[in-house]
Amino acid sequence: MELLNQFVLAGAALLLVAILASALSYRIGMPLLLVFLAVGMLAGEDGPGGIVFNDAGIAYTVGSVALAVILLDGGLNTRAETFRVGLRPAFVLATLGVLLTCLITGLFAAWLLDLEPLMGLMIGAVVGSTDAAAVFALLHAKGLTLKQRVSATLEIESGSNDPMAVFLTIALLELLLTGAKAPGWGSLLLFGQQMGLGLVAGVAGGRLLVWLVNHLPLERGMYPMLVLAGGLALYGVTTVAGGSGFLAIYLAGVVFGNRGAREAANIRQVHNGLAWLAQIGMFLMLGLLATPSQLVAHAPAALAIALVLMFFARPLAVWICLLPFRFPWREQVFIAWVGLRGAVPIILSLFPLLAGVPQATLVLEVAFFVVLISLTVQGWSIPPLARWLKLEVPPPPAPDERLDLATRMRSGHVLLGYRLGPDSAAVGRAASELRLPGGARPVTVIRAGEALAPEAAGPLHEGDWLYLLAREADSAALGELLAATRAPPYLEKRQFYGDFVVLGEARMGELAGQYGLPLPPGAVQQTLAEFLAERLPGQPVPGDRHRLGNVEFVVREVKAGRITRVGLRIPTHLH
Amino acid sequence: MNLIAPLIRPQNVVVDLDAASKKRLFELVGKLFEASEGISASEVFDSLFSREKLGSTALGYGIAIPHGRIKGLKDTACACVRLKAPIDFDAPDNLPVDLVFVLLAPATATDLHLQILGELAQMLSDAAFREKLRHAADATELYKLIQAWTP
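From first to last, the protein sequence lines stand for chains Y and C. Residues 1 to 575, numbered by the numbering used here, are exactly what the first sequence covers, in order. Residues 1 to 151, numbered by the numbering used here, are exactly what the second sequence covers, in order.
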């Protein structure tokens, strides 16, 4: 009893330290997951904590559940519209990309460490997939908004490539255990079974969850738990049936998040917290599991493998996979570099250990080292790289507070709160003077702790909170008017998109006449949208640019795959 | 010295103009240029209106910079109008517009036209300056403010 209480104390203390340390990570820019890993290692057997934890079975179980929770949250936050630009490239990266990375890294590891080819490939397989937790955490970090083509591709890839790595690991493990030398039809069948079952279970399970949430009268706090329990059950069922549970739970999240279920905002918020808890728990545990003193022996070899993975295998795989999609080189470089490895390699390297494969500890040690290097080097350098490659776009103007009304399902109404910044266009005008889009109307103005009726508040001040009742569809237009811009100067809208906005349906002939642009033959009759779509790589996304004569067109808004609004930058901005 | 100052004649700075719509505003501005530059008001209207069809020239914050090219025009010309009551301009932030700078360029205009447009936008992106323009007592003071502005 006494011992159990001490376990609770130790666990809670670790959790608390990890959360407090995460505040530090904002200050020094250290990747959050690395912080958790470091806290775990400090508490572990080689650190001052001295906790000895070597149970691969528990680590594997906890790690899998935590990963499932993280993937569910990732799915819930994946917007279906990002599929339009990201799904196909991400699918190729998540399958062929993982295979190529595994082959290149694995063969190099086999050569370097003088292993059997299959054993080398095992190393390649466990480090083959990018980490959803790490990628989501980095891409959603405060102040980083990337071009949609890049963020969508990376997110969908990281959410869906773990099944491929799991499959490769299991297939290689079976080959190693049966003593076969090369993969046969059985491996292919296994692949089909894993992916097929995962796909079907994910989509069906997601729909079932939506139906349940919308039809069961439950206590409000129970809905997020229902989704959690349902998701994990789905993961379990699929895995037991021989499919990819990770793929299933991710897809269930995607389906659920995009079918307008009741309490969606509440559910998403709770799951966001759960995903953080899962990440902290998982990385703390992996930190505890690691024995840094043992890593030293293979450090030079592991470092070489990590470098080959980061600088050769991943970039080459990305380049080959993205060939048909004509991504600009900047975006390819970025995607190649955001090949973050996280918890999955460590969890996967427990497979051979649990199966009793000889030399399995070597796989674990190399995997651990690769993850450490990747999180440190890549995790730290991603925000500056995004800026250097000019892949950031102005963050979408979001309300400071939003509250879904209980009737949102039927009426679509939400309550939005904006804190008015010094540069808000609304400052100095009365709330009633604002031309609010749609049927949005001001409800109250909170000033110096007093809730004022909008008519009585007079001209709005800086620092006022303005609350509006609006339809969700108008939230973007309201943001343009009210939301504070938190962007650094180079992402300021006027600087980024230029001063003027032209419509996608504008005729090129007229635009060229207006601004003296040199038009290539045949473009006169085109609309601006057609003209740009022809010249931009792949699917157009906001932030794509095309220079014509002395002006630059910057795609500003894309609706259903069509460019609808374009910024016009003129020479004063083009230096 | 800025690029805009030499393009504005004092009589082309107007305060408290009474126009209830974009159309009405362009008609009145056409008459202004007809008097000062000797070009036809309807041509000015057509030019400005066809530019608006490509996308609103409102920048947000109650500002718009309608512009266009005119065949017979000799030199680039600019007018500054402060409206009595703000009008709908299809602005990106949905705010009605009360400060309008109109820029007309000859059909043969070069890059300088773009430079001037850019500088106008830059001038009007300064919140403090916008407020000064809004609170200027009369057209003369407004004119002086524009003359004195430096990029």
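Keep in mind the hints are simulated off the structure, nothing from the lab. Where is the CB? At the ideal position from N, CA and C, for every residue including glycine. Heads up, a few of these hints could be off.
Said to hold, decoys possible - Some chain C residues near chain Y, calculated using beta-carbon distances under 7 Å: (1) P92; (2) D93; (3) L114; (4) L117; (5) G118; (6) A121; (7) F129.
Claimed, not checked - Straight-line C-alpha distance at most 35 Å; calculated DSBU-like pairs for lysine-lysine: (8) C:K31 x Y:K559; (9) C:K71 x C:K31; (10) Y:K390 x C:K53; (11) C:K144 x Y:K493; (12) C:K84 x C:K53; (13) C:K53 x Y:K559.
Hint check:
About 6 Å separates the beta-carbon of P92 of chain C from the nearest beta-carbon of chain Y, less than 7 Å, and the hint is met. Interface hint status for D93 of chain C: upheld, as the beta-carbon distance to the closest one in chain Y is roughly 5 Å, under 7 Å. The criterion of a C-beta within 7 Å of any C-beta in chain Y is met by L114 of chain C, whose closest approach is roughly 5 Å, and the hint holds. The interface hint given for L117 of chain C is met, as the beta carbon of that residue sits about 6 Å from the closest beta carbon of chain Y, less than 7 Å.
At about 3 Å, the closest approach between the beta carbon of G118 of chain C and any beta carbon in chain Y falls short of 7 Å, and the interface hint on this residue holds. For A121 of chain C, the interface hint holds, the least distance from its beta-carbon to any beta-carbon of chain Y being 4 Å, beneath 7 Å. Nearest Cβ of chain Y to the Cβ of F129 of chain C: about 14 Å, over the 7 Å cut. The hint is violated. The hinted pair formed by K31 of chain C and K559 of chain Y fails the criterion: a straight-line CA distance of about 40 Å is larger than 35 Å.
Between K71 of chain C and K31 of chain C the CA atoms are separated by roughly 17 Å; this keeps the pair inside 35 Å, and the hint holds. Using a Cα cut-off of 35 Å, the hinted pair K390 of chain Y and K53 of chain C holds, with the two alpha carbons roughly 31 Å apart. Using a Cα cut-off of 35 Å, the hinted pair K144 of chain C and K493 of chain Y holds, with the two alpha carbons roughly 30 Å apart. With a C-alpha separation of about 25 Å, the suggested pairing of K84 of chain C with K53 of chain C holds against the 35 Å cut-off.
Of the pairs offered as hints, the one joining K53 of chain C and K559 of chain Y holds, with about 20 Å between alpha carbons and a cut-off of 35 Å not exceeded.
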